[in-house]
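Let's have the full structure, built from the sequences with the hints guiding it.
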Amino acid sequence: MELAIEESDPETTEEVSHQVKGIETRIDRFSLDTMLDGEDDGNNAIISINAGAGGTEAQDWAEMLFRMYTRWVERKGFKSDIIDLQPGDEAGIKNVTFTSNGKYAFGYLRSEIGVHRLVRISPFNANGKRHTSFASVFVYPEVDNQIVIDIEEKDLRIDVYRASGAGGQHVNKTSSAVRITHLPTGIVVQCQQEKSQHRNKDMAMKVLNARLYQHEKHKLDEKWQEMHESKDEIAWGSQIRSYVLHPYQMVKDHRINLDIGNVNDVLDGGIDPFIEGVLLSRKRE
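Plus 80 on top of the position in the sequence shown (first one is 1) and you've got my numbering.
Be aware that one or more of the hints could be misleading.
Taking lysine to aspartate or glutamate and the EDC-like style, the derived pairs with C-alpha atoms no more than 20 Å apart in a straight line are [unchecked claim]:
hint, residue 1, residue 2
1, K363, D161
2, K174, E274
3, K332, D345
4, K286, D230
5, K286, E232
6, K183, E222
7, K363, D352
8, K234, E222
9, K183, D117
10, K156, E296
11, K281, D230
12, K286, E274
13, K286, E356
14, K156, D348
15, K159, D282
16, K281, E233
17, K234, E274
Hints are computed from structural coordinates only; laboratory data are not their basis. Bear in mind that the values here come from a model prediction, so they are computed numbers and not experimental data.
Shown next as structure tokens:
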């Protein structure tokens, strides 16, 4: 007796394979989403990047990080808005504050809090010497409008000044930039990106609202307490991640001991392996 062996249809096999991959992707996404179970993880994020000591080198590195995160935002299909940007003296930026608007934006990006270290041949040194630069990243959750933070006018000092641009260009002729100091806490926020002083004040108040919300949670929530205590460790030399462009190319996350050789992709926003690795590590702990 001969047994008839039915050959599988290549198109059917390919379709099944595609469906399996789709299911695996949804399972991976579900597993990742279950890690984002913090009270504020589903919120939009407010990101601040500050150049470390070192002048132009560090300011150029801060701008590279800013580009990396904005490209990550684009890859995620999120949206971003610049709240405040202070240009560098010659190149790069001294600091920038911007938003990432999307589902779980804060949950993802809070793993990026810390010092980021760059090692490369300096493009600003005629002798072509290797240089190490640092920049710090901090992330806040954007506060839901339904959460009320009691801010009294008497507790605010509001200063207006003329916005500045790189190289003296695009300098406003009117005092439209706004700096707000919350006197009881000493928290200072500023915004100069909009031409309207009223709009800049609204944006600055939005950031102040978020930072005061976090300040209150710091006093009440043990998790936030631990988060703030970790800020004391954010000092030059205590980096969470190193980006090495010379003498070899590699990005290493020191918290989870993860190395990626494709530095260009990482600097182009490909930081998900690090983010997901840190989330998995925290979940195990």
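Hint by hint, here is what the structure shows:
Proposed proximity of K363 and D161 is contradicted: the alpha carbons are some 31 Å apart, above 20 Å. Between the alpha carbons of K174 and E274 the distance comes to roughly 19 Å, so the proposed pair stays at or under 20 Å and holds. Note on K332 and D345: the hinted pairing holds, with a Cα-Cα distance of about 14 Å set against a maximum of 20 Å. Simply put, K286 and D230 have alpha-carbon atoms about 13 Å apart, close enough for the 20 Å limit, and the pair holds.
For the suggested pair K286 and E232, the alpha carbons sit about 14 Å apart, so the restraint of at most 20 Å is met. Of the pairs offered as hints, the one joining K183 and E222 holds, with about 12 Å between alpha carbons and a cut-off of 20 Å not exceeded. Our distance criterion of 20 Å between C-alpha atoms is met by K363 and D352, whose separation comes to about 16 Å. Distance check on the hinted pair: K234 and E222 sit about 24 Å apart at the alpha-carbon level, beyond 20 Å; violated.
At most 20 Å may separate the alpha-carbon atoms for a hinted pair to count; K183 and D117 meet this at roughly 12 Å. Under the criterion of a C-alpha separation no larger than 20 Å, the hint pairing K156 with E296 is inconsistent with the structure, at around 30 Å. Restraint check for K281 and D230: the C-alpha separation of about 17 Å stays at or below 20 Å, so the hint holds. Simply put, K286 and E274 have alpha-carbon atoms about 14 Å apart, close enough for the 20 Å limit, and the pair holds.
A C-alpha spacing of about 29 Å is found between K286 and E356, which places the hinted pair above 20 Å, so the restraint is violated. The straight-line distance between the Cα atoms of K156 and D348 is roughly 13 Å, inside the 20 Å bound, and the hint therefore holds. Taking the CA atoms of K159 and D282, the gap is near 19 Å; set against the 20 Å cutoff, the hint holds. Our distance criterion of 20 Å between C-alpha atoms is met by K281 and E233, whose separation comes to about 13 Å.
With a C-alpha separation of about 25 Å, the suggested pair K234 and E274 falls outside the 20 Å cut-off, and the hint is violated.
Of the numbered hints listed earlier, those contradicted by the structure are 1, 8, 10, 13 and 17.
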